[in-house]
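S.K.: Model the full structure from these sequences, guided by the hints.
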Amino acid sequence: MEGSENFVKAVAQLTKYINGYFGNIRTRKVLSSVVPGFLRKLIPEKAPQNPDKWEDVFQDIERIIMPGKSSPAATELEVIVLDWLAKAIKLPEIFLSTSEGSGGGVIQSSTTENILISLFTARTLGIQKMERRNSGMEEGVAVSKLIAYKSPDSHCSVEKAFQIALVKYRDIELDEKRVMRGENVRKAVEEDKAKGLTPFYICATLGTVSVCAFDNIDELGAVCREHKIWLHVEASYAGNALICPEYNYLMNGVEYADSFSMNPHKWLHMPTSCSIIWFKRSTTLVRAFDMSPLYLQCTENIDMPNYTSWQIPCGRSFRSLKLWFVLRLFGIYRLQELIRNDIKLAHKFKHLIKKDDKFELIGDNLMTVICFRLKGSNEYNKRLLKLIHLNNELHMLSFKIDDKLFLRFVVSSYHSEPEDLQNCYDVICKLANSVLLIPELERSKSL
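Each residue of the sequence shown is one higher than the one before, starting from 1 at the first, in the working numbering.
Source of the hints: derived by calculation from the structure; they are not laboratory data. Predicted, not measured: the structure shown is a model, and the values here were computed from it. We put the CB at the ideal spot given by N, CA and C, even for glycine. There may be inaccurate statements among the hints.
Calculated cross-link-like contacts (lysine-lysine; reagent style BS3-like; alpha-carbon spacing at most 25 angstroms) [what the hints assert, rightly or not]:
#  : residue 1 : residue 2
1  : K322      : K358
2  : K354      : K404
3  : K344      : K266
4  : K87       : K322
5  : K46       : K266
6  : K322      : K355
7  : K177      : K53
8  : K355      : K177
9  : K145      : K177
10 : K375      : K400
11 : K375      : K430
12 : K386      : K350
13 : K87       : K41
14 : K53       : K16
15 : K129      : K195
16 : K350      : K322
17 : K400      : K382
18 : K160      : K266
19 : K46       : K29
20 : K53       : K129
21 : K404      : K350
22 : K430      : K354
23 : K358      : K386
24 : K404      : K382
25 : K386      : K355
What follows is a list of derived Cβ distance ranges for each label pair [said to hold, decoys possible]:
#  : residue 1 : residue 2 : range
26 : F22       : R133      : 54 to 60 angstroms
27 : L390      : K129      : 33 to 39 angstroms
28 : F22       : S99       : 16 to 22 angstroms
M.R.: See below:
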């Protein structure tokens, strides 16, 4: 259903439906007569490969979405579409709700929440382990002995989660490609154990915020298994590219992970508040978060998650609906095509930068984050970034590694075209030339 005219028609049709729903609301039953679990029988096991017609999707709103037990089928749809997406990015089957274990996913509003709930779950397990080892140990004392690990290039939400959870944490030294490796983690873990601390959580990143590096999950996982440490894999941005089979190698070793998160709103063309986290064993999560007051208890024995025990808030919005719309109206093949096109466009920009002698590339630039800098001092790059912002034709951010400032150019818009990339490069070049000209003018004035 691509195209602005089709979008306008669909919105008009939905608006009319919503208006009609409230117009005849008194004719509807308070509770639907459907049996919990009804939705899995009506929805395919996998997302469509090709786009579904809007007319079919619209008909299914009344047929399968609205008849939830006490509301639209929010919980059941979330369980199913997260299995769809897990299959599309080739997550191991143990992360699915249909696995023989207790796998499954949940949609949160942000990366911070994803990190927090995995961290709190691991913290609960760590405290319980120490209390079993040391009878009578107070919870506060146990927390003070826990220590977590992350990359210095991980997103700031990871550090924020550690601070909220009141746990010690340590940045792991990276290799020359800004990758977190198993050897350095093992060294840190053994050092901390010798100090009487209990390593309990490692946050690995697929697509770091600096140069979009990919931590070595296979090596980290082996260390986690050896020392019984919770491994969380955070793939907010780059995890979306895993929908393309050629990038699945980037998550080699993901079978070691206890939890895995990504944000479809960063690259799969949907609005914000669609941050997903999957758990290998959701029972550990539920034990950490379960609150069962009488007014929240279900009177029926149903094989569906109570998402109140999978998150920090009690209430939640119908976030799975937008994911269902996107997966059906685009289809897996079209989403793959869009990801590949963005990467192709970014690499076009990368080649323009690479052949220009006044610039240097930073990092491998595998995805659509292209890191580069104007050769010379950091001051040159500060001036360039300032001119880019003043020029107001494009927007970029900077980052600093080892006291070297560089710029980050990102392609992720549904509307990007090759000429846009050429125009961005031309603007940057013109502004860079003016930056380089300033020292020459100052030098000539001093003569």
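S.K.: All hints, please: hold or fail.
M.R.: Okay, the hints, checked on the actual structure:
This hinted pair does not check out: K322 and K358 have alpha carbons roughly 44 angstroms apart, beyond 25 angstroms. Of the supplied pair hints, the one linking K354 and K404 holds, its CA atoms being roughly 18 angstroms apart against a limit of 25 angstroms. Between K344 and K266, the direct Cα distance comes to roughly 17 angstroms. Compliance with the 25 angstroms bound is thereby established for this hinted pair. Of the supplied pair hints, the one linking K87 and K322 holds, its CA atoms being roughly 18 angstroms apart against a limit of 25 angstroms.
For the hint pairing K46 with K266, the CA-to-CA distance comes to about 22 angstroms; that is within 25 angstroms, so the pair holds. A C-alpha spacing of about 41 angstroms is found between K322 and K355, which places the hinted pair above 25 angstroms, so the restraint is violated. With a C-alpha separation of about 45 angstroms, the suggested pairing of K177 with K53 is violated against the 25 angstroms cut-off. Restraint check for K355 and K177: the C-alpha separation of about 22 angstroms stays at or below 25 angstroms, so the hint holds.
The hinted pair formed by K145 and K177 fails the criterion: a straight-line CA distance of about 32 angstroms is larger than 25 angstroms. A distance of roughly 14 angstroms separates the Cα atoms of K375 and K400; the hinted pair therefore holds under the 25 angstroms criterion. Taken as a hint, the K375 and K430 pair is honoured in the structure, with Cα atoms around 15 angstroms apart against an allowance of 25 angstroms. Note on K386 and K350: the hinted pairing holds, with a Cα-Cα distance of about 21 angstroms set against a maximum of 25 angstroms.
A hinted pair counts as satisfied when its Cα atoms are at most 25 angstroms apart, and K87 with K41 qualifies at roughly 18 angstroms. At roughly 19 angstroms between alpha-carbon atoms, K53 and K16 fall within 25 angstroms of each other, so this suggested pair holds. For the proposed pair K129 and K195, the alpha carbon gap of about 18 angstroms is at most 25 angstroms, so the pair holds. With a C-alpha separation of about 33 angstroms, the suggested pairing of K350 with K322 is violated against the 25 angstroms cut-off.
Restraint check: the Cα-Cα separation between K400 and K382 comes to about 11 angstroms, which is no more than 25 angstroms; the hinted pair holds. The suggested pairing of K160 with K266 holds, with an alpha-carbon distance near 20 angstroms, which does not exceed 25 angstroms. The straight-line distance between the Cα atoms of K46 and K29 is roughly 31 angstroms, outside the 25 angstroms bound, and the hint therefore fails. The suggested pairing of K53 with K129 is violated, with an alpha-carbon distance near 52 angstroms, which exceeds 25 angstroms.
Distance check on the hinted pair: K404 and K350 sit about 19 angstroms apart at the alpha-carbon level, within 25 angstroms; holds. For the proposed pair K430 and K354, the alpha carbon gap of about 16 angstroms is at most 25 angstroms, so the pair holds. Only pairs whose Cα atoms come within 25 angstroms are accepted, and K358 paired with K386 is accepted, the gap being roughly 18 angstroms. Proposed proximity of K404 and K382 is supported: the alpha carbons are some 11 angstroms apart, at most 25 angstroms.
Restraint check for K386 and K355: satisfied, since their Cα atoms lie roughly 24 angstroms apart, inside the 25 angstroms limit. Against the hinted window of 54 to 60 angstroms, the Cβ-Cβ separation of F22 and R133 comes to about 58 angstroms, which satisfies the hint. Taken as a hint, the range 33 to 39 angstroms is violated for the pair L390 and K129, whose Cβ atoms sit roughly 55 angstroms apart. Against the hinted window of 16 to 22 angstroms, the Cβ-Cβ separation of F22 and S99 comes to about 40 angstroms, which falls outside the hint.
Consistency with the previously given hints fails for numbers 1, 6, 7, 9, 16, 19, 20, 27 and 28, ordered from lowest to highest.
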